[in-house]
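Go ahead and model the full structure; you've got the sequences and the hints to work with.
Protein chains in written order, with full-length UniProt numbering: chain W, 1 to 289; chain U, 1 to 289; chain X, 1 to 289; chain P, 1 to 289; chain A, 1 to 289; chain Y, 1 to 289.
None of these hints come from the bench; they were simulated from the model. For clarity, every value in this text was computed on a predicted model and none was experimentally measured. Worth double-checking, as some hints may not be accurate.
One copy or two, either will do: identical chains are not told apart, so a pair holds if it fits within one copy or between any two.
What the hints assert, rightly or not - Pairs of lysine-lysine, DSS-like flavour, derived with a Cα cap of 30 Å:
1. Lys53 / Lys170
2. Lys210 / Lys7
3. Lys54 / Lys7
4. Lys170 / Lys210
5. Lys170 / Lys7
Protein chains: 6
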Amino acid sequence: MFYYDGKLQYPVRVETPDPRFARALQQAIGGVEGEMRVCLQYLFQAFGARGPKKYRDMLLATGTEEIAHIEMLATAVAMNLEGASSTMQEAAAKANPLVEAVMGGGDPRQYLSAGMAALASDANGVPFDGSHVYASGNLAADMYSNVTAEATGRALACRLFELTDDPGMKDMLRFLIARDTMHQQQWLAVIEELGGHQGTLPIPNSFPVKEELRDVSYDYVFTGIEGVQPPQGRWTQGPSLDGMGEFRLVAAQPMGQEPMLAPPMPQAYAETQQMTGAGMSGTKDESLS
Amino acid sequence: MFYYDGKLQYPVRVETPDPRFARALQQAIGGVEGEMRVCLQYLFQAFGARGPKKYRDMLLATGTEEIAHIEMLATAVAMNLEGASSTMQEAAAKANPLVEAVMGGGDPRQYLSAGMAALASDANGVPFDGSHVYASGNLAADMYSNVTAEATGRALACRLFELTDDPGMKDMLRFLIARDTMHQQQWLAVIEELGGHQGTLPIPNSFPVKEELRDVSYDYVFTGIEGVQPPQGRWTQGPSLDGMGEFRLVAAQPMGQEPMLAPPMPQAYAETQQMTGAGMSGTKDESLS
Amino acid sequence: MFYYDGKLQYPVRVETPDPRFARALQQAIGGVEGEMRVCLQYLFQAFGARGPKKYRDMLLATGTEEIAHIEMLATAVAMNLEGASSTMQEAAAKANPLVEAVMGGGDPRQYLSAGMAALASDANGVPFDGSHVYASGNLAADMYSNVTAEATGRALACRLFELTDDPGMKDMLRFLIARDTMHQQQWLAVIEELGGHQGTLPIPNSFPVKEELRDVSYDYVFTGIEGVQPPQGRWTQGPSLDGMGEFRLVAAQPMGQEPMLAPPMPQAYAETQQMTGAGMSGTKDESLS
Amino acid sequence: MFYYDGKLQYPVRVETPDPRFARALQQAIGGVEGEMRVCLQYLFQAFGARGPKKYRDMLLATGTEEIAHIEMLATAVAMNLEGASSTMQEAAAKANPLVEAVMGGGDPRQYLSAGMAALASDANGVPFDGSHVYASGNLAADMYSNVTAEATGRALACRLFELTDDPGMKDMLRFLIARDTMHQQQWLAVIEELGGHQGTLPIPNSFPVKEELRDVSYDYVFTGIEGVQPPQGRWTQGPSLDGMGEFRLVAAQPMGQEPMLAPPMPQAYAETQQMTGAGMSGTKDESLS
Amino acid sequence: MFYYDGKLQYPVRVETPDPRFARALQQAIGGVEGEMRVCLQYLFQAFGARGPKKYRDMLLATGTEEIAHIEMLATAVAMNLEGASSTMQEAAAKANPLVEAVMGGGDPRQYLSAGMAALASDANGVPFDGSHVYASGNLAADMYSNVTAEATGRALACRLFELTDDPGMKDMLRFLIARDTMHQQQWLAVIEELGGHQGTLPIPNSFPVKEELRDVSYDYVFTGIEGVQPPQGRWTQGPSLDGMGEFRLVAAQPMGQEPMLAPPMPQAYAETQQMTGAGMSGTKDESLS
Amino acid sequence: MFYYDGKLQYPVRVETPDPRFARALQQAIGGVEGEMRVCLQYLFQAFGARGPKKYRDMLLATGTEEIAHIEMLATAVAMNLEGASSTMQEAAAKANPLVEAVMGGGDPRQYLSAGMAALASDANGVPFDGSHVYASGNLAADMYSNVTAEATGRALACRLFELTDDPGMKDMLRFLIARDTMHQQQWLAVIEELGGHQGTLPIPNSFPVKEELRDVSYDYVFTGIEGVQPPQGRWTQGPSLDGMGEFRLVAAQPMGQEPMLAPPMPQAYAETQQMTGAGMSGTKDESLS
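This is the structure we're talking about:
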């Protein structure tokens, strides 16, 4: 169960409202790298957690923190859309300052649909999409998913930092960037607890290794045509990270057949010619014979 | 530029076609853990790669391999929808075996929209969605994103392995599972090349650390209310993984204000009462009595 | 800022796990009538609230309650996917009980993508979609949107009630149905506070009424062709609910012109014939004969 | 069955074509508050209507009217993208006036995909999404859904009114705003016919009230932590609107257990450590014992 | 402007309601091959039509007919979900016939969200998506798009015909199949009016041919690697269909460079190593050993 | 199986990077008319091809070519986002040139999410959507779908040609436009091989014509109300294109009944009034009697 106190986790101040920045901030709310995604991802991972209870609790605590980040960012959007600012005054030189504010690089739906507030969408107005809520039931897979979310999330926050000169906004981002620093490492700390690469790889580590086709488990398959140089690196030599094999470089080569599907069944209503091969105007199709 | 040879990377055989399994396989084609996603993700990361050329090449090679995986799986779907099989014969006991095959746990669109072939969708018929093609421009973030994709992808393949008894299908999955084993470690090998945790964290490592609010960079913020036990682990103590701090446990506490937005501007067309605050409390509604 | 205690708002018990019901429950999590939607809708309305503070607080409190409803339902899904139940035993009579459980009317992704847990999707596996998070900035519009959400939400919960015989699940739904009873009336109570129909209509009531084309503000426009009987009711006669007019029945009739757009501009690359109008009629097509 | 006459319901005139306004108008076509949604919503409610025939007819008539609104708005978009206007001339000062018109705040797809015409999308180019077509089968729920659509729709139209100075566009919007005034009240008139709050609440009113957990049916559950003031209002006191209870204020408190899911089943392929709790490097997990 | 008469274009009868068929029918309503798509596609093409008026009128008339097809199919869905049928009686042998009807191959949302009626979705419950409403502003492109829609639409209707034994449903489909026969040819008749292949190709025919790179305008580029046989046919020899060239077979060969993007700019926050290239190879990762 | 050589099919040069054009180019990558769509469409048609092998091969070869087009366009996007250009210098006059570049008509996610590279999205940032991958299993339907894709694709490329003055970009588009010229005709050549209109129509031609309702197979149904002139053309007279009938003009007229659905079943939880018709406040509903 959940509770609130109505205060922001960290102060949100905007000295110079900027509708363009309000649009950019949407990416950190409803974008694939945004806070709605991490919030829901950690909560769903917690709600479905099986196994040691402490991971459920850890996820619940951080998922709950992330709601507060959505709150901060939504507040920041609303404040960037407000009132008589230097940005707006500059725009006011134009015929219709509202048009300039809303249609001149801002998100028109922040005005049209929300009356100057945040949306559950990204910086292009694409609605938040629940398919980005990864909760696989495998703890290691989920931890890497969380690291990804925090790594792209921190990159996003750093890029937003470059798009604003507002001291309040920069201050808020400094806080969020620091939280992402922690969260990246928090999930990697779980991987460490699980034994690092050797303790977790290959993910899932509960699938019997003998069931996989071990012949190709450590091959870097190079698909370049003749004459192209294969890219070499740690992945083409040395022991595999799971400690169970040796990386090697292998040129791609088909092991399988040329696929030949059955002809269309009558109820699939292909064209007659697909079924008979006959009657193709002036064309003798020898591939069917 | 790209080329093909028309052969499968690994043999695809189906002894007993099974429309239900054909539906489940869709997840490995168009699902968020599927091959369309990894294929396009690696290709887009390659197309946008900046920096050392070898990573671009490595991504290109593996992205190209993944097209062959889509090909294998799409072939497997089509073959599972074919002809006179024991499954179909069993279904034939019913009034209309086609109905049973298509509507009895299968994906109706494999018949209705594709005439018994694969779709660019997941196991619930949700179309493939390009927002899952992560290519952040940050190599470390992308590598973790790729590990995630291969970890959830291998979990998916293992689960599919449990849903079929067909020797041909199990054989194909053994191959795909092994390839995922390699690909997980391939991307982690890049992290190793980049210097591991200390070389890459916090991601992006090019943002000046002094700009972030270091006070909270290693705090595990515990949002449980009073009386709830905080989950302890590697993330609440010991040196941070980037080697620059010390983890600690901190109880959540608001540092920010209670947000107070400006009143609605007239052009936002809120209700009058929101703007005036008048006449709102103790109002007797007579219109509905 | 937000907090958690790790306990469920109301007990969730499942006596007979039922994967089909686990699929149906998804609608109450990620469906358009579901808890993710109301939760986020109330929170975003709160985060963007302008005007009297008490509405922001009220929204925040109830939005926070709804997180707990997601938690209950996600727990219920996970429990319905568990272990050795009579349903599973019945299924076990089949060749592969896992196949039967997952593909026989269940959501395959609860297994394939989540390892037997809830998804952020609806009962057809369609991901939660943030465009359903309505927060218009107009308090009356938002209240009606919330009533709608709780009315369709309660209908959904009642229908789910019919799909299960499990006493634990029925008990949980009794609780959720009762909460929806409250929430419907909570938002209508705000309308009452705002002065009911006369105090709020037409929404937004801040737009100067004289600016609208009053001639048609209370006309029920009947678009039936000649000979069709117009449906009569409260909407065709009597005073309008806003107290400013009189309803009447009016037959549809065009007041406007037949639209005639300008010809295509050259850079739009229409077909030449669209631009010249030449050679279009009576043309004999010899290319295909 | 349906018919057309090729004329507009109300005149659409554009004196000064404005590509930015053409983009904003898209929200009223394909946005969640737009005409495609209400049109299809009323038609689907009619097509699925069960019970008194007059409601089906009423919905059919108004759904049919809304097609004409799409026609008007699509025409308005096309006209705003046309020819030699003062806006375009102003833009013509730039190097490439087409670039300025299309990429300077307009919707590039109106040119790129439609050759200067309307799309079935919103103001951010997000395609119309059929999940917003609410038709619940419950008349009262549907009426509130329709009120919501017309309330947000009228707010949208009023906001669009502020974004244009074109007399033709303002005139068209005056008409559409007036129609929304009517349509809001038309659906509320049905609620009145059904007996108002007491006749319809709780929705659905056909669910046996005794089956719900009446103890919590009129509780305003306050989730603020200690020290936060609960928001009071009509919803915390007085008789409930359905006339069957009394509102009261109740502090949130968990009635349920701490959820404890079963361990992962082997076929779900969690990490081994999730199943055994053992072998976590250097970590003694006591929560499992 | 539009009108209705409340009658169906063709009788809809259902002798034996079948919830599975009700699900399959959804594809013909909200699927990519369905009636919502053609209806809106023809209407949007009409609304944006530029050039000879008769094409606008033709599109308007047929777009209006298609609304009646949605009406028929939505009615058919609702009737297939009804009452005491042999199918339902058969299901009634099960513990809970409603569960069997709704979850046993049907669309659960037809019950859960619509109370036994049609949705604006496809056979997998994926909502109708406005991006399939093609209206390019180029008449020939649009006509081919319409042919595609009617060709896949007729294939769909034929396949639905195989999924039902109900005489009423078969009769309705016979009508819809016949209408698709007409509509396919109606759009092709426009191509004939425009002068057939030579009159319309290449589409758009208004782009100055000399501006395109004529060297490759009639080459069938064969991307098979060495040893693979090129597929020969009408497309590898003979005059091009536009009458302006000669088809030929050409082996794929890169004409372009190996792309080399600029290094990441600092504000893009790549990893430092991407910018410096330093310390990347032969690095020993000690953090994970 | 697939291979690459790392070189571009045709040179991609950008003299003057232009972030606005980088946004417009996205439509040709991830838009409905774009290269991801044709690439995947041809590959999926190949993977599911049944019948004469040569069509599978032809599709495979061209699908593989299209991957190279995505590569070219993604490279073009990345190069348009680069460095010190005259466009950027002009922007540099502004306070923050990065803001101007990213938010002034560009796609903010190319910076925020991709660090200055291409996305798998369209020009409005809407992610690529797999439902546009048409592969119907009917060869003729698929060929028309491919013609449509190449016709709208070529129109798009022509329009992009107008949005740039960069010689390198114009050169690249000249190449792509020429390839679309070929591809349009390649698919029409298959139709010719299949016997043209008479050999393929009605699609699918394998459905027994006698099963369709031949009475309406060649009727142009005119839905205009009395007084509106029917649009006449090749579609209202002359032999049908399939050679089996005669077109004619017919006024729309309902052949079907007024639909009357059964009352709501109790478990659907309509409002009580819908089931009884009674108790509607003050309203005597005669339509139910």
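For each hint, the structure was consulted:
1. In the homo-oligomer, the alpha carbons of lysine 53 and lysine 170 lie at most 30 Å apart only across protomers (27 Å), although the nearest pairing inside one protomer, at 37 Å, exceeds that limit.
2. Taking CA atoms no more than 30 Å apart as the test, lysine 210 paired with lysine 7 passes between copies only; the shortest distance there is 27 Å, against 54 Å inside one copy.
3. In this assembly of identical chains, the alpha carbons of lysine 54 and lysine 7 lie at most 30 Å apart whether taken from the same copy (28 Å) or from different copies (14 Å).
4. Only between protomers do lysine 170 and lysine 210 lie at most 30 Å apart by alpha-carbon distance; the minimum there is 13 Å, versus 53 Å within a single protomer.
5. Within a single copy, lysine 170 and lysine 7 get their C-alpha atoms as close as 20 Å, which meets the 30 Å cut-off; across copies the closest is 37 Å, which misses it.
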